[in-house]
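**Student:** Put the two chains together into one complex, using the hints given.
So the sequences go chain by chain: A and B. The opening position of the first sequence corresponds to residue 1 in the numbering used here, with each subsequent residue numbered one higher. The opening position of the second sequence corresponds to residue 178 in the numbering used here, with each subsequent residue numbered one higher.
Quick caveat, the hints were computed from the structure, so don't treat them as lab data. All values derive from a computational prediction rather than experimental measurement. From the three backbone atoms N, C-alpha and C, an ideal C-beta is built for every residue, glycine too. One thing to keep in mind: the hints can contain errors.
Here chain A is said to cover these stretches of chain B; the calculated rule only asks that three of the stretch's residues, wherever they fall, bring their Cβ under 8 Å from a Cβ of chain A [said to hold, decoys possible]: (1) 210–219; (2) 275–284; (3) 611–622.
Below are the chains, spelled out letter by letter.
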Amino acid sequence: MAVWDIKERNNLVRSNQVTRGDRGVICGGHAAPGGTSDVIDFIQISTAGNAADFGNISSADRTNGSTVASSTRGLYFGGGSNNNTENTIDYFTIASLGNVADFGNLSAVRRGGSGVGSETRGISMGGSTPSAYVNIIEFMTIANTGNATDFGNLGAARNVGASVTSPTRGIRMGGIQ
Amino acid sequence: MLVLVLLVRQEELEWEEYSSMAFINVIEFVTIASTGDSTDFGDLSAVRGNAAGVSSATRGIAGGGRTPTFVNIIEYITMASTGNATDFGDLSVTRSYAAGASNSIRGTFVGGYTPDESNVIDFVTIASTGNASDFGDLTVARHYLGGLGNGHGGIDHSTFQRPSATYITGSGRALYGGGYTPGVSTVVNQIHIPTLGNTSDFGDMNFAKGASMNGGSSFTRGVAAGGWNSGPAYTDMIYAIEMSSRGNGFDFGNLVGARTQPVNISNSTRAITAGGQAPSKVMDYYAIATAGNAADFGDLSTTASNSQGAVANTTRAIIAGGNDGNGHENVIEYVTIATTSNTTDFGNLTVSRTKLSAVDSKTRGVFMTGYTPSNVNTCDYITTASVGNATDFGDTTAVKRNCSGVSTHTRGVLAGGLAPGTINVMEFITIASTGNGTDFGDCVSAGYDFFGVSDSHGGLDVSK
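For reference, chain B alone in the conformation it holds in the complex (with noise of 0.2 Å):
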């Protein structure tokens, strides 16, 4: 038995070579944009084959191989020249038949064989020499695999390229997503918070999911964490969607843990989740910029808050309201977004309420809608700078709750929610002055907590 599984071994290592086969050192290239024959470009320090390559635009590295025996072997090449390649360090771990995968950046080699199959994936800078670091583990150990990164040394970060022929980043571009319509929905419809108007399809999440309250974003791109699922269930699941051209969003990461209501809050460069159903004081955060699971940022002062509302300026996001589990809360706290802490208080909502919504400028925040235990039209208002109890701003057009609010600097928008059935409703407010909500437009569908994000709220220094 011991024979055979040895005889397999061989075969598979070697069904890819021949009688007349010889390892050789050459390299050629091509030139992608036109068609031709290879061009020799000089040679690797040693006849190699099976090595992965990995390259930023102006340098290629191939790393491990055979010739045969195994190595460890590490050497580069500058891309646009021609010339042999030079030594850039060793692998981690020798072996052979690896993958290669990179961003402009960063080298992985991945997998491979050692003789066993390996699941070790190491990585190297690409612009800098040295030894490969450990990177991590693959699922399955194996070897012959294909690896690529979706920003390789051939895409030119260097162009610019224009988000639409229509759109300028910053100008009022709100998303609104997922939500119950009234099952849990992957619909993400836009709309332009400066134009009233109803709702314009924009794309679909990867996944159905509802009550992933509020949203964080960056100028370009939106994120929304938590809720509840198709499964249906609580789900740890950060959902990400770029703001600057329409179509899908995709899987960003996880939150330390499952939970649903928790409210969505950012800056520029970073998002923080906050309570939740779990039930959960809990508060993680993530940079957005960099897709990745989330880390501890601190607790809520209560224990089990969900349905929350929230606001930011650029330093600073303030929470307000919520269910503890024993009642609806009047509590606002805030936290600096920059650091990672415990809420403080900041003061106390005109009404205890919950499953409210919120919009922010730079200066002021407006805490709009939600349940009393009966829905209410109040809005309230603090100025985020500093702290103190919030002061009424007006009225909704209706009493209604789990509505979901955009803004600008300028403007808030609200859009669907529960007045008691679901509704396709949108009204907006003029954040600056106080005054009651005025009709905007229409959702596409009817429906309730969907998540909402804008390139230009109360977290994002549009002046710059």
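So that you can see chain A by itself, here it is in the shape it has in the complex (with noise of 0.2 Å):
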């Protein structure tokens, strides 16, 4: 009969959650010039090597959408080109290949915000429409679908900025306003 020291079965699974979350995935953009791209790459990001196809985001006319996850779930949001901006959320799972499916949208249309968040809110930072910057803040609650909600506001109308996060913390750096 083995005799479990639950200290030692704790670390073991603890030590797994070391390797957990070892997937970066790479959505959209301007592949070429006037071109614009779907596709969706992905590394493992503790074993350097080329990035191999993942799969698809649900249009190639959105460049400059912003990304928020959780350790299973991705979420792609707004993005646009020269003549079209969207709202559109698409989410997938980060664990398995394919095609993202549709999470929900956005207050409003939006490309170039920050994306944020934890293992169970993602925030979108600031951005801008067609014809402006925006101060918008708004969340989305990743295992679910479904719209955003406002969050708050920046301290002025920017866009751009680079996104880092920590498990309480979302911070938006630099940018243009």
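**Tutor:** Structure, rendered in structure tokens:
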């Protein structure tokens, strides 16, 4: 009969947590002069190597969209081009290759927002519409589907900031206003 | 034409810009679990837009961007504090409009504009400082792309997530997946080895696959490589599934070469895929904890072995029987899992056979059933830490082949098979004794050539 040391068992499981969350996913973009891309690539972050095909976002015409992720689900939202800007939120299961599914909508069309978030909540900060930068902050509950909900406002209408996140804080850095 | 192209390129880059635009160095933050307006955090070292961000729970990093001149600057902030950014190093290629994707240790900067679309991926170690190093390339060079990682800084890795309300890692969960029922199946079913009963649904494979014989597993992850897909064709795909929570598996990586009917075996850290019909004497290996492609381990002693059985203890993998293309084998050979090498002779089975199954404890391996070229009910065993010929163990309840074996250190369970038609029978043996098989329960669907993995087989030191 085995005698279980609960602490050791816990450590074994927890050690597996360290290896979880090792996939990076890259969505859309401009692929060539005048061209847009619906390609989703993925990489194994801990292991250097080339990206491989993951699937496709819902439309190629969604350059400069934003992303948030839990440990299991990725969201790609907004984006656009000279002729089009979208409020679409796509989602996909990070562990499984494949195309996206519809999650819901941002409150308005937007591109260039900064995506931050935790395991449960994804937040869009700022961005631009076809006519102006915006100061809108809104959030999505990643495990559900549905439309984004108002969170608050940035200090000013701002676009294309870098986004970084801890479990408690979402931070945008620089950009244009 | 050149003028037109240049105008298009300029428009692509500036459609985010308006007449009153200004680059800023503002850093601001929100508290994710609340709602409210952003709060000032500090400043970047200079005004900059279109940088890519990566982060751990403690440090956030911005790389590249434009001022509007493209820059290679990388600088960082400490997430829990406030203050200005500090120099980290430089990107390997100066660029803007890149994406960031990170886990808690490493941040990657992906693609961008140089000013041409870039396929560059470079990376930094978040907790250190220094210049970015080459990582690899995108499939298609592009900019204005979105990046994410499923282990980024916003995911609290320190929080213990209970696998389930009733499941304890290493408690005897086994999964049977794929196989032929009679078409190539994606279904994964589970049993609790210490408790007799029928299989129940666990999840689905992300691709249909059969003939990936045996399976490897750590305490927490099951893997099965190679086989026959729904193409139909030989496959090099390595499939993985988390043992702790019911759900679907995922694509783990690829073998060195596609082959069917290889045998998979492991200890807690490394899996080995041996032989298979390509024909192949190749053995591949990979680390179970880290998704990726397999590497060459060494060679089997025979040139075209497939449909073997395999057992392991924590240090040694032992492969027996199979078909080398000229006949059914009685060869038993072994490798030390932590090294790479060709196999070494171990001994012989009591009956030469192929399409056999295997179960193991930390000290004993039992090879069960097979094809001679007729189905047999033979069970014979070896002591895994020694070398020598196999010894008669007993008989299964029927003559059959292409069954799938899983085990704890106490009990081995054999599921499905061909007898000669497809069967749903599960039977078990007590590994430490000798004796005949006893009814365990039924598979939900009759089938054969399932992969079988468990969280407490002989290759796992369950005393820890």
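**Student:** Hints first: check each against the structure and report whether it holds.
**Tutor:** Results of checking the hints against the structure:
Given as covered by chain A, the segment 210–219 of chain B passes the check, having 7 residues with a CB less than 8 Å from a CB of that chain where 3 are the minimum. Residue count for the segment 275–284 of chain B with a Cβ under 8 Å from a Cβ of chain A: 8. That meets the three needed, and the coverage hint holds. Counting residues of the segment 611–622 of chain B whose CB lies closer than 8 Å to any CB of chain A gives 0, so the stated coverage by that chain is violated, three being the minimum.
Checked against the numbered hints listed earlier, the structure breaks hint 3 alone; every other hint is satisfied.
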